[in-house]
Amino acid sequence: MVSLNAYLMLGAVLFSIGAVGVLAHRNALIIYMCIELMLNAVNLTIVAFSRFLNSLDGHVYVFMIMTVAAAEAAVGLAILIALFRNKPTVDVDEINLSKG
Amino acid sequence: MEQVMSSISLSAIAPELVLVACGLIVLMIQAVFGSRFRDSFAYVSLLGIGGAAFLVLTSPGAFESKIVEYSFCDMWVVDNFSRFFKLIFLIGTGLTLLISLRYLDNEAMQHSEYYALMLLCTVGMMVMASAAELITIFLGVELMSISLYALAGYTRSRMMSNEAAIKYFILGSFASGFLIYGIALIYGTTGTSQIPAIARYLAQAGAGAAVLVMGMALLIIGFGFKTASVPFHMWAPDVYEGAPAPVTGFMSAGPKAAAFAAFVRIFMEALPTLQTDWIMVIWLIAVLTMTVGNIIALVQENIKRMLAYSSIAHAGYVLVAFLAAGELGLTSILYYMLAYTFMNIGAFAVITMLAGAGETRVKVEDYRGVGYKHPVAALAMSLFLFSLAGIPPTGGFMGKFYIFSAAVKQGYIWLAIIGVLNSVVSVYYYLRVTVAMYMQAPEKDEDVPAASALSPALVVAIFISAYGVLSLGLFPSTYVAMVKESFLSFL
Numbered sequence: 000m001v002s003l004n005a006y007l008m009l010g011a012v013l014f015s016i017g018a019v020g021v022l023a024h025r026n027a028l029i030i031y032m033c034i035e036l037m038l039n040a041v042n043l044t045i046v047a048f049s050r051f052l053n054s055l056d057g058h059v060y061v062f063m064i065m066t067v068a069a070a071e072a073a074v075g076l077a078i079l080i081a082l083f084r085n086k087p088t089v090d091v092d093e094i095n096l097s098k099g
Numbered sequence: 000m001e002q003v004m005s006s007i008s009l010s011a012i013a014p015e016l017v018l019v020a021c022g023l024i025v026l027m028i029q030a031v032f033g034s035r036f037r038d039s040f041a042y043v044s045l046l047g048i049g050g051a052a053f054l055v056l057t058s059p060g061a062f063e064s065k066i067v068e069y070s071f072c073d074m075w076v077v078d079n080f081s082r083f084f085k086l087i088f089l090i091g092t093g094l095t096l097l098i099s100l101r102y103l104d105n106e107a108m109q110h111s112e113y114y115a116l117m118l119l120c121t122v123g124m125m126v127m128a129s130a131a132e133l134i135t136i137f138l139g140v141e142l143m144s145i146s147l148y149a150l151a152g153y154t155r156s157r158m159m160s161n162e163a164a165i166k167y168f169i170l171g172s173f174a175s176g177f178l179i180y181g182i183a184l185i186y187g188t189t190g191t192s193q194i195p196a197i198a199r200y201l202a203q204a205g206a207g208a209a210v211l212v213m214g215m216a217l218l219i220i221g222f223g224f225k226t227a228s229v230p231f232h233m234w235a236p237d238v239y240e241g242a243p244a245p246v247t248g249f250m251s252a253g254p255k256a257a258a259f260a261a262f263v264r265i266f267m268e269a270l271p272t273l274q275t276d277w278i279m280v281i282w283l284i285a286v287l288t289m290t291v292g293n294i295i296a297l298v299q300e301n302i303k304r305m306l307a308y309s310s311i312a313h314a315g316y317v318l319v320a321f322l323a324a325g326e327l328g329l330t331s332i333l334y335y336m337l338a339y340t341f342m343n344i345g346a347f348a349v350i351t352m353l354a355g356a357g358e359t360r361v362k363v364e365d366y367r368g369v370g371y372k373h374p375v376a377a378l379a380m381s382l383f384l385f386s387l388a389g390i391p392p393t394g395g396f397m398g399k400f401y402i403f404s405a406a407v408k409q410g411y412i413w414l415a416i417i418g419v420l421n422s423v424v425s426v427y428y429y430l431r432v433t434v435a436m437y438m439q440a441p442e443k444d445e446d447v448p449a450a451s452a453l454s455p456a457l458v459v460a461i462f463i464s465a466y467g468v469l470s471l472g473l474f475p476s477t478y479v480a481m482v483k484e485s486f487l488s489f490l
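Protein chains in written order, with numbering that gives the first Met the number 0: chain A, 0 to 99; chain B, 0 to 490.
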């Protein structure tokens, strides 16, 4: 049986990839994907904990987080479409009216 | 099963239910009747706010007894602490709705979605104040944040607003990732996500686990973003500058208070055993937040951006109170958040009034001559700015006084000194606006901004805010008595 630590490490690695991706990428859509990756890494962590703690709570949390992630993605894409109508770009470096 | 059923208590979530119902009604009115009953949106929403406030105030034992009432399998708690914060949120939302009436007409954006999002955002904040379980807190945070992302980009034809929304969205959901990861690690170590159960577990098992400390650190990052504390503040100036002015006022008061409510509940109630680990970190964050916020605010030309940095600095003051903890510390957090809601939303009411179509008049230099053309508004603006700077006899002064005396009492002498020095620095940029209003003449008379968003509702909002600021400053004892009743059971 795979140990809890293996799952936690995988979760941590995926979360870090997502976090670095948000900071490093310039394409808004890829940033969205990286945010989803972060949330799914958390889901994996919670499910692993839930399995090893023998508690069902964690499974419910994961459904909540998936719902939140879906809602977030919907609003995020809507915002991107609103922006795209004013300025056809998805590059976050070109979205720079306010500075200072 | 019976036990589960009996713990469902509709009266415990009645204020939230009223707000959700009003939000849905507003959406339905637009869906069924189109924009024919456009004026009713605001009335229905304000009615909902009033109803929710009434339910909060009349719930059994409100501000009289220290009873802590758990429901929904210990996931929901109604105590005076949550009631007090709920009133702050409702005041903030109510004032914002009054401010935005004419503004939305001017921008041709009088739609039901604005009101529905405002109400749902308020529900999210109320969930954060009342949740006794980490996942419930997370759901509250997300309900609040997702509504705010949409509100920040509400004037969707304006590029600035789009930009604010996308920046807020990216950094906000990035922060949510950290928050939920912290919650996951705490759940994993303690085996539960209920705040009282976590406290019991840690009191028994001790708090040595590295995973737990990591979870706590991730929570600090998450809440640091939500309260716009340095070094997690970079989204705030851009978002505050780009979002529609009424929304900026709204999001600098309510959501910040909500984040502090959840922060206090988690750290004081669930994780007090880890205190030695978080005290130094929060000390550092508090000092950085005050100093960076105030110093960068000195050079801002855009008044919304200036108030964004000022809002960062104010989060620093609240963190000082958070560190001081204890009775006095928590009193001052509650008191300060109430005062801050009045003074900041009041200031944004005046900004909204003078901003003009498309928000073109938001520079400090645009305020030259306002003191003679709009004397009442200028007087109110000066009052709010004096209060933000902490000059007596205003609520801001009493709030700061309580915070710094709590810090001194707990032995955080240096923190108090740094805080006082910071509020001296802040006087400079607040007074700059007053000086522009009264002592500088515009090049042409037409250069003085017109009161384009002036409406009876906005005047009412300014008067309520001014009354709040003054009465908090002149008669603090009545409020302090109420705040003292709001102590948590864990004190």
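Just so you know, these hints were derived from the structure itself, not from any lab.
All C-beta atoms, glycine included, are put in the ideal place defined by N, C-alpha and C.
Mixed in with the good hints there might be a few duds.
Some chain A residues judged to face chain B by a derived CB distance under 10 Å, without partners named [unchecked claim]:
1. ALA5
2. LEU9
3. PHE14
4. CYS33
5. PHE51
6. TYR60
7. THR66
8. VAL67
9. GLU71
10. VAL91
Status of the hint placing PHE51/A at chain B (closest C-beta pair under 10 Å)
holds (8 Å)
Do the numbers back the hint for LEU9/A, that is, is its least Cβ distance to chain B under 10 Å?
violated (13 Å)
Tell me if THR66/A is really an interface residue toward chain B, meaning its C-beta lies closer than 10 Å to one of theirs.
holds (9 Å)
Double-check PHE14/A for me: the hint is only fine if its C-beta lies closer than 10 Å to a C-beta in chain B.
With Cβ-Cβ at 6 Å, under 10 Å, it holds.
Given a cut of 10 Å on the nearest C-beta pair, is the interface hint for VAL67/A held or broken against chain B?
Check passed: Cβ of VAL67/A comes within 5 Å of chain B, closer than 10 Å.
Grab the minimum C-beta distance from VAL91/A to chain B and call the hint holds if it beats 10 Å, violated otherwise.
holds (7 Å)
At a threshold of 10 Å, is the proposed contact between ALA5/A and chain B supported by beta-carbon distances?
violated (14 Å)
Would the hint on GLU71/A stand, with a C-beta cut-off of 10 Å toward chain B?
GLU71/A check passes; min Cβ-Cβ to chain B is 5 Å, inside 10 Å.
Holds or violated: is the Cβ of TYR60/A closer than 10 Å to a Cβ in chain B?
Status holds, d = 5 Å.
Does CYS33/A hold up as a contact with chain B if the rule is Cβ-Cβ below 10 Å?
holds (9 Å)
This entry does not satisfy hints 1 and 2, going by the numbered hints stated previously.
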